[in-house]
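Engineer: Sequence lines, in order, name chains H and R. Letter 313 of the first sequence, counting from 1, is numbered 313 in this note's numbering, and no numbers are missing. Letter 61 of the second sequence, counting from 1, is numbered 61 in this note's numbering, and no numbers are missing.
Treat the hints as calculated values from the structure; they're not laboratory data. All C-beta atoms in this analysis are idealised placements derived from N, C-alpha and C, irrespective of residue type, glycine included. Possibly wrong hints are sitting among the right ones.
Said to hold, decoys possible - Label pairs and their computed distance ranges (CB to CB):
1) Leu-75/H to Glu-60/R: 23 to 33 Å
2) Asn-204/H to Glu-60/R: 28 to 38 Å
3) Gly-38/R to Glu-365/H: 26 to 36 Å
4) Gly-38/R to Leu-75/H: 20 to 30 Å
5) Ala-30/R to Leu-75/H: 16 to 26 Å
6) Asn-66/R to Asp-117/H: 54 to 64 Å
7) Gly-353/H to Glu-60/R: 30 to 40 Å
8) Phe-473/H to Gly-38/R: 58 to 68 Å
9) Ser-392/H to Ser-59/R: 35 to 45 Å
10) Glu-60/R to Gly-152/H: 54 to 64 Å
To be verified - Only pairs whose alpha carbons sit at most 27 Å apart, straight line, appear in this in silico DSS-like list of lysine-lysine:
11) Lys-346/H to Lys-170/H
12) Lys-56/R to Lys-324/H
13) Lys-90/H to Lys-40/R
14) Lys-4/R to Lys-128/H
15) Lys-28/R to Lys-319/H
16) Lys-369/H to Lys-11/R
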Amino acid sequence: MLQGIGASQGYGIGKAVIIEDINLDYSAVKYTTAQEEKARLAKAVEAFTVETRAMAEGLKASAGEKEAEILEGHLTMLADPFMLSQMNDKIDGGAVAEAAVDDVCTMFYDMFAGVDDEMMRQRASDVKDIRDSMIRILLGVKSIDIASVPKGTVLIAKDFTPSMTSQINKENVSAIVTEVGGVTSHSAILARAMGIPAALSVINATQIIETGSTLIVDGFKGKVFTQPSEAEIAEYTGKQKAYLDEKEGLMVYFNKPTVTKSGVKKAVYGNIGKAEDAQNVIQNGGEGIGLFRTEFLFMDRDHAPTEEEQFEAYSTVAKAMDGKEVIIRTLDIGGDKAIDYLKIEKEENPFLGFRAIRFCLKNTELYKKQIRALLRAAYFGDIKIMLPLVTSLDEVHAAKALINECAAELESEGLHYRMAPLGVMIETPSAALISDLLAKEAAFFSIGTNDLTGYTMAVDRGNANVSHLYDTFQPAVLRAIEMTIKNAKAAGIPVGMCGEAAADERLIPKLVAWGLDEFSVTPSSILQTRRNICECE
Amino acid sequence: MVSKTFTLTNKMGFHMRPAQVFVTAMAKYASEITINFGGKDISGKSIMTIMAACMKCGSEITVTCNGADEEAMLNEAASLIESGFGEE
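From just these sequences and the hints, can you work out the full model?
Structural biologist: Right, here's the structure in full:
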């Protein structure tokens, strides 16, 4: 069994076809005349244009307009008069057409790759794709015919470029395996758009796997089974069928509004921990992001992220969600989480100690960086700020004052920003008990059932002797939830839920009846949650 | 020679799509066009150099047109930039 990254959900069983890299060595090409080389270049540009245009059309049909835009961009990029004149200059300087393409593309590749911006790095891979295609055309090498692989093929390659993925026929390809790339790579995005299971970053896949051998690919866990037993094939065939049946049933809900039988509009959002997870929410039909946990930005490093780094992460999510609501929770850490550089003392009772909003309001220098980044990112989308672990009104007042201070700074610095509405996470019994008062100060509520259950029941869910008390269905917890929703409704502010309970089919009818507006769940549970809500009265 | 200074107002700045719209519009004109950004001159007809310059929202740029149809060219450049390339 080979282990990679599960990048596109589903199970694929089929025969391996390995896509070898094409040899683009042009060192044997001899220079003729400048005129001749320029004519070869012009002819290759023409061939590239015809080929790419056809691929873009094909991709529009198989994966959608948006995916085809990448290839259309390639056309504009190669049509750049500056780029072409640079290539012709190289030819005048004695370079063969292949070398002219290589040099100029490499120059732009370096330029784009050097910029600290995700979009620019994408342009770098576009330039590389253009370079490879152009040199292949100039050398007269036939591209691998990915389009005509037989039904039941598992495609294996080092990596898939946009021009390669555009040829994939989703009817015939049961899974994709690559040696590089993660969940946000081009291959992953395309695989998900086409609904093909994919395991990426499977080390040495093209060497270990033999063409023609039978494989099972688990796109959830990123596993590739080589030489599977009869029993394994039977097991995964069953899993595949169950998954596809379930998916088909749920796909009905992808573009459906979340509306109960009696016509009340609700919304299903996704919870994320990293900026790139926003894609998962979109792919699963989420109507927004109900909880972006910012702790991950602060973990596994030796100093706090800068305002710019945070701005990059928050604005990436805002842009990706394209105007949909994005609720970002400010730093929620405490003595139980090891972030050494924050120098939070080990405490006897970290869950009752110096954490979350309590820590942030005492470390305003750190907190203001986050708030500034949030306000700046809010310029790019519908960002809302959410305060974790609120237990008193004072905390909301203090946070508001800091936000106003940051806004005034940004104003005087002339930076683009937008005031992001401030909401409160209801995850302590105290917050639930004063939710009528908090509702006057907050723009919205989001009920965090995981901590609310633990704090209300005064139970450590990790302690086996008491963990049976950790139960969201305990009347005390249900009353806290009901009270919070009622108080939000009375004050006319929206109320959501971002804990595991929001996806619990047993609880959803109650939440709907009480008037919960927004259910924020793990991206993979979005459609299921929408179905459960739509089936409520 | 005519020139004008602008501040980019569309959210994403001069990324792929605006650059594409801009160079396609500018290609119609015979005049030369340069964009001065951060002290560097960039050809206004080259999508690659425009994108590589990484001009973001809020960036201040000066557009200079030079040639027979410079007035018309600058006018169209101005309306594209000021309308945020039809983006938000």
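Engineer: Mind listing which of the numbered hints don't hold for this structure, in increasing order?
Structural biologist: 2, 6, 7, 11, 14 and 15
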